[in-house]
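Trainee: Each chain is listed here by its residues.
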Amino acid sequence: MAFFSEVKKIWLAYYPQLFMGMGNTLLIALVSTVIGLLIGILVGIVRTIPLSRKPLLRWVQRVINFLLSAYIEIFRGTPMMVQAMVIFWGYAFLSGGTTLPLLPSAILIVSVNTGAYIAEIVRGGIISVDTGQYEGAESIGMSHFQIMFHVVIPQVMRNILPAVSNEFIINIKDTSVLSVIGVVELFTQAKNVAKGTFAIFETYAIVCVMYFVMTFSVSLLLRLVERLLEGKSTYTICGSQSDSASMIRITKEDAPND
Amino acid sequence: MTDEPIVVLKNLTKSFGTNRVLKGIDLSVRKGEVVSVIGASGSGKSTMLRCINLLERPSSGSIEFCGENVLGKDFDLRRYRTKVGMVFQQFNLFNNMNVLRNCVVGQRRVLGRSKAEAEETAMRFLAKVGMDAYVNARPRQLSGGQKQRVAIARALSMDPDVLLFDEPTSALDPEMVGEVLHVMKELASSGLTMIVVTHEMSFAREVSSRVVFMDGGVVAEDASPEVIFNRPANPRTAEFLHRVLDREV
Ligand SMILES: Nc1ncnc2c1ncn2[C@@H]1O[C@H](COP(=O)(O)OP(=O)(O)OP(=O)(O)O)[C@@H](O)[C@H]1O
Ligand SMILES: [Mg+2]
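If you're matching them up, the sequences are chains A and B in order. Just so we're aligned, residue 1 is where the first sequence starts under our numbering, counting upward by one. Just so we're aligned, residue 1 is where the second sequence starts under our numbering, counting upward by one.
Worth flagging that the hints you see were computed from the coordinates, not collected in a lab. Where hints are given, some of them may not hold.
[To be verified] Part of the chain B face toward chain A, derived, beta carbon under 10 Å:
#: 1; residue: Ser62
#: 2; residue: Cys66
#: 3; residue: Asn69
#: 4; residue: Phe75
#: 5; residue: Gly106
#: 6; residue: Val177
[Unchecked claim] Only pairs whose alpha carbons sit at most 35 Å apart, straight line, appear in this in silico DSBU-like list of lysine-lysine:
#: 7; chain 1: B; residue 1: Lys128; chain 2: A; residue 2: Lys54
#: 8; chain 1: B; residue 1: Lys115; chain 2: B; residue 2: Lys10
#: 9; chain 1: A; residue 1: Lys195; chain 2: A; residue 2: Lys54
#: 10; chain 1: B; residue 1: Lys83; chain 2: B; residue 2: Lys128
#: 11; chain 1: B; residue 1: Lys73; chain 2: A; residue 2: Lys54
#: 12; chain 1: B; residue 1: Lys23; chain 2: B; residue 2: Lys115
#: 13; chain 1: B; residue 1: Lys31; chain 2: A; residue 2: Lys54
#: 14; chain 1: B; residue 1: Lys128; chain 2: B; residue 2: Lys115
#: 15; chain 1: B; residue 1: Lys115; chain 2: B; residue 2: Lys83
#: 16; chain 1: B; residue 1: Lys10; chain 2: A; residue 2: Lys54
#: 17; chain 1: B; residue 1: Lys185; chain 2: B; residue 2: Lys23
#: 18; chain 1: B; residue 1: Lys23; chain 2: B; residue 2: Lys73
#: 19; chain 1: B; residue 1: Lys73; chain 2: B; residue 2: Lys83
#: 20; chain 1: B; residue 1: Lys83; chain 2: A; residue 2: Lys54
#: 21; chain 1: B; residue 1: Lys185; chain 2: B; residue 2: Lys128
Glycine included, C-beta positions come from ideal geometry on N, C-alpha and C.
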């Protein structure tokens, strides 16, 4: 069939270029999701600090919370393609013509955008942790940040992992909008190849499969990570009442229920 | 028991919005005393207990701990909380940690103890409550009674001067109440100061050195168990006991 032979021809001629684009797409998506996660956790924690009883501090907290909400609302409420243009050309405008290097710009834009989404996911996760967890920690004198770091965030992380995986997958697809500022990721490379071969359908069919291979592998990989994070379902009882030297393994099913 | 008061509440009030829950509580607890707090649902027992370790901020009145004003501006709240432990009805163990880490994390982060010392202390108290074999278990893998015993060990690991209990057996199946009460009795006889909100009248009668009956946000009667259970001065006390003891039989 003409389609397959054309696809084969394009692939053999251009796969180094396409792989290079794919590499950049993955790099931008991965680094940005990780940075976005860090931003999101930080913003989520700050936004859930209880208001201080000291008036001045409380006022400062209100201002910070306002700024953080503004950040979240603006970045969730505008298209990333437009954000990319505004940040990239806004910098060029303010600096009098010099532009930021492309790859760091791409990572900056996607990170800040992802951070806005994940901040809300983290806030939801923090709110949904049982108040008893906080009270248990407060009752032994732990500070807000200690409670967050040792008790709440570990529980939140496990609960939000599926939502963060989802953000990662969205980022793999959405880096394609960065072609508007000329970042050489997979979509930009597809455009270049299509322009050279005039085989638009065949080229994008290849790229379509490449995107799917990326998102589906990531999806499978993260599901595996989730399973690992579930942790062991068994624990060891050291010794027993009848035989003090014995080791008994108890499985989840054997363990007493509440 | 000494005559030295360790926790003193004076005219303590607490309102939630317009709802006045505590209407002027006066209570003095001496070192080594075991005080049971009884009273009808909604009388403010939990609220009083939560005010003592400042999980709730009192609206007015004062709380003194070893003669120091707890509500003062420069009071070190976190150090105070290590001195006043709390055992909750719902256990409130950290879900993301195993039994040992539950008992170690506060000692290390708040008291600054070394890992070795914290673990040794934790193991000592876990052994005391009979849970030392379960150090690797997660809270979700334990029964209610086991969780509560770990929660007691966690509180004890901080070396508190006073331990507060808010209905520690109310969320337990009947067959697990005994194991927790047994641990509490041992603690009581070891000389630990305890304030215990409870619906277990047998515990109040047999273990405590004093019983406080709360009614409508005030301390309606404060006397020895012998007086409270046999010849209460306040007719409301008699009425309450009549109701709950009838149900128990
Ligand atoms: N955080 C809160 N916000 C508003 N009202 C509250 C709050 N906590 C308690 N209350 C109210 O305070 C009153 C006393 O509650 P509290 O929990 O102290 O009673 P209790 O004596 O412990 O009762 P129980 O035996 O049922 O535990 C109740 O009417 C309750 O609705
Ligand atoms: Mg209560």
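Trainee: Are the hints correct? Go through all of them and say.
Mentor: Hint check results:
no. : hint                  : verdict
1   : Ser62                 : violated (17 Å)
2   : Cys66                 : violated (16 Å)
3   : Asn69                 : violated (16 Å)
4   : Phe75                 : violated (13 Å)
5   : Gly106                : holds (4 Å)
6   : Val177                : violated (14 Å)
7   : Lys128(B) x Lys54(A)  : violated (42 Å)
8   : Lys115(B) x Lys10(B)  : violated (40 Å)
9   : Lys195(A) x Lys54(A)  : violated (63 Å)
10  : Lys83(B) x Lys128(B)  : holds (20 Å)
11  : Lys73(B) x Lys54(A)   : holds (11 Å)
12  : Lys23(B) x Lys115(B)  : violated (45 Å)
13  : Lys31(B) x Lys54(A)   : holds (34 Å)
14  : Lys128(B) x Lys115(B) : holds (20 Å)
15  : Lys115(B) x Lys83(B)  : holds (20 Å)
16  : Lys10(B) x Lys54(A)   : holds (25 Å)
17  : Lys185(B) x Lys23(B)  : holds (31 Å)
18  : Lys23(B) x Lys73(B)   : holds (23 Å)
19  : Lys73(B) x Lys83(B)   : holds (18 Å)
20  : Lys83(B) x Lys54(A)   : holds (25 Å)
21  : Lys185(B) x Lys128(B) : holds (12 Å)
In summary, the structure is inconsistent with hints 1, 2, 3, 4, 6, 7, 8, 9 and 12 from the numbered list given earlier, while agreeing with the others.
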